[in-house]
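Now for the letters of each chain:
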Amino acid sequence: MRTCAESFEGYILRALGRDFGERLLPRNLDITLCDQLFLIASGLIWNVYFAGLAILFGFFLAVGVAVAKFSENRLFSIPASTFVFVFRGSPLFIQFFFFYSAFVLLPRTGIDIPLGFVTLTVNTSALTTAQVGGLIVLILNTTAYSAELFYGALRSIPKGDLEAADAYGMNAFTKFRRVVFPSMLRLAWPSYTNEAIFLTHSTTLVFLSAFPARQQAGEAFYYARYFVDQTFNPFVAYPIVAGYFVLLTLTIIGLFGLVNRRLNRHLPKERRQRIRFRPQYIR
Amino acid sequence: MFEFCTDPATLPQWQWFACYLTTATHFAFYRSFLMVMLLLAITAPIALALGLGGAMAVRSRIWPVSWLGKGYVNIVRGVPDIVFFMFVPIALGQGIEWVFHQIQCPDWDQPIRQGNDFIVCREAKVPGVNAPAWVRDVYAFSMAVVAFALVFGAFAANTLYGAMQAVPKAQIETAEAYGMTRGQAFRRIVLPQMWVYAIPGLSNIWQILIKATPLLFLLGLQDAVYWARELGGQKTSLYTYPHPDWRVWYFLVLLCFYLFLTWASERTFGRLNDRLSRGQATAAGERQRKAAT
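Sequence lines, in order, name chains A and B.
So the first sequence is residues 1 to 283, counted in the working numbering.
So the second sequence is residues 1001 to 1293, counted in the working numbering.
One thing to keep in mind: the hints can contain errors.
To be clear about the criterion: a stretch of chain B counts as covered by chain A if any three or more of its residues have a C-beta under 8 Å from a C-beta of chain A, and this derived list gives those stretches [claimed, not checked]:
1. 1083-1089
2. 1217-1227
3. 1251-1263
Once the Cα atoms are required to be at most 25 Å apart in a straight line, the calculated SDA-like pairs of lysine to any residue come out as [as the list claims (entries may be wrong)]:
4. Lys1290/B x Ala1166/B
5. Lys1235/B x Pro239/A
6. Lys1235/B x Ala102/A
7. Lys1070/B x Ala242/A
8. Lys1125/B x Thr128/A
9. Lys1235/B x Pro107/A
10. Lys1235/B x Pro212/A
11. Lys159/A x Lys175/A
12. Lys1070/B x Pro239/A
13. Lys1070/B x Phe235/A
14. Lys1070/B x Thr249/A
15. Lys159/A x Arg1059/B
16. Lys1235/B x Thr128/A
17. Lys159/A x Ala1283/B
18. Lys1125/B x Phe232/A
19. Lys1070/B x Arg1059/B
20. Lys1235/B x Val104/A
21. Lys1070/B x Pro190/A
These are computed hints drawn from the structure, not numbers from a lab.
Note that the Cβ used here is the ideal one computed from N, Cα and C, for glycine as well.
With the rest of the complex left out, here is chain A (with noise of 0.2 Å):
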């Protein structure tokens, strides 16, 4: 039996491969709870990955989408809505698998594209795993659940605000960035906040039968359901990872919290929009 401290320093950042730690993963008789609390905690590493940098791309990339398909011209707007419908209107996991298939084709070579004076070599071997591939699906779900929701505060800014802006003489990139794209943040945060949560546990996803985690490293999820595989016992794994998902949750409410306060800085206090947990998981 390993002790705690042993267990701490073998699996602490096992997630990482199988350089940073013991070799192989605890088995059988010999899983220790420091094990099971320690190797979970280090999965945790992929989802703040996953969840870090598929909200950051996926931000920039909805707020596009967004104005897309607020947009009069129908050449933005029907693409913008279609791409919504496709990636709100089936599974996450579904998503998953037919990226995968899809990367799997592609050469693995890389693909040569001939810029004129210079040939650019895309490297499509990384596309199949899951820190590049799986994060790709993750921020073109994640783009298209926010841009339905800037979409949402797009149609509900006041009219009253444009017109002072267009009365200002403001052109429309000014108009945008001083009047629209404050208040749509303004009004979506809340709801945003929620997708944030959602985004984080779906990254549970990633390596359910889809991409492979090399190396056995993978997310907290990937490490309890190994656990209960070994152990045959569902009641120490799954209720720690939950414990460690309810910790991550709060953490965003907590920082996104700060952000909607900023936004929120110049309405009087009765006004501020406050943010509120409605957990509903699934995608």
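Starting from the known structure of chain A, fit chain B onto it as the hints suggest.
Then chain B, alone, in the frame of chain A:
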């Protein structure tokens, strides 16, 4: 299926596909779509009933009942879904076996958890040791139904509770002024009118339920995802119908299936909402009244 299918290797393109798409395994694939629909059809009413029960429990004036309702709603909604879907079937299965074990083998002296094994006596195994395959399938399927119904019941309870609160208070007070009891007022005033407030939330939950169905695959059932992986994988010339890796096409079919379900339910709920808004004291009801005159 067709007579010309005896030697697929010699067939021209379209006949080859006609034979390929009508093999026994492909029919299992098509049936698995029905299984998804069946799961939806069974789970939705159970979840709605659980939700109605949960919402009434939360509103109850008897505090143990109200606490039980609140506990159920908040605990289930607070735990990530997949954890719940994986946890409930195993935990419930072990729970059932443990209860049978206590009843049927009272003089069993060894502990049930020996190391990493969960051991109950032979008579307590569920499904039985000699159970035929279909019994095992039905058992696994009902476990999935229970897990889904528990999770979505909690979601529905929350929505229905909100809808019950949204029914104008003045109407309930009027009913009580007419001498109706609390139960009568609930049955005659709240229950018929709450649906118009509940429909947007319920339609949302239904969409989420649809999107949760591929998780059946994780519970070891042979659902559409299982067959898509199985049939799409590369088949060498050892097979009757050799083909390269076609998984991407099979998953494309699944994607379209789910998009169709989403689209169809959006339309259905839109119509239902129109129907339920008729004669209601809401903006939509008012608009319908104006359009009629």
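### Query
Quick check: which numbered hints come out false for this structure?
Structure breaks hints 5, 8, 15.
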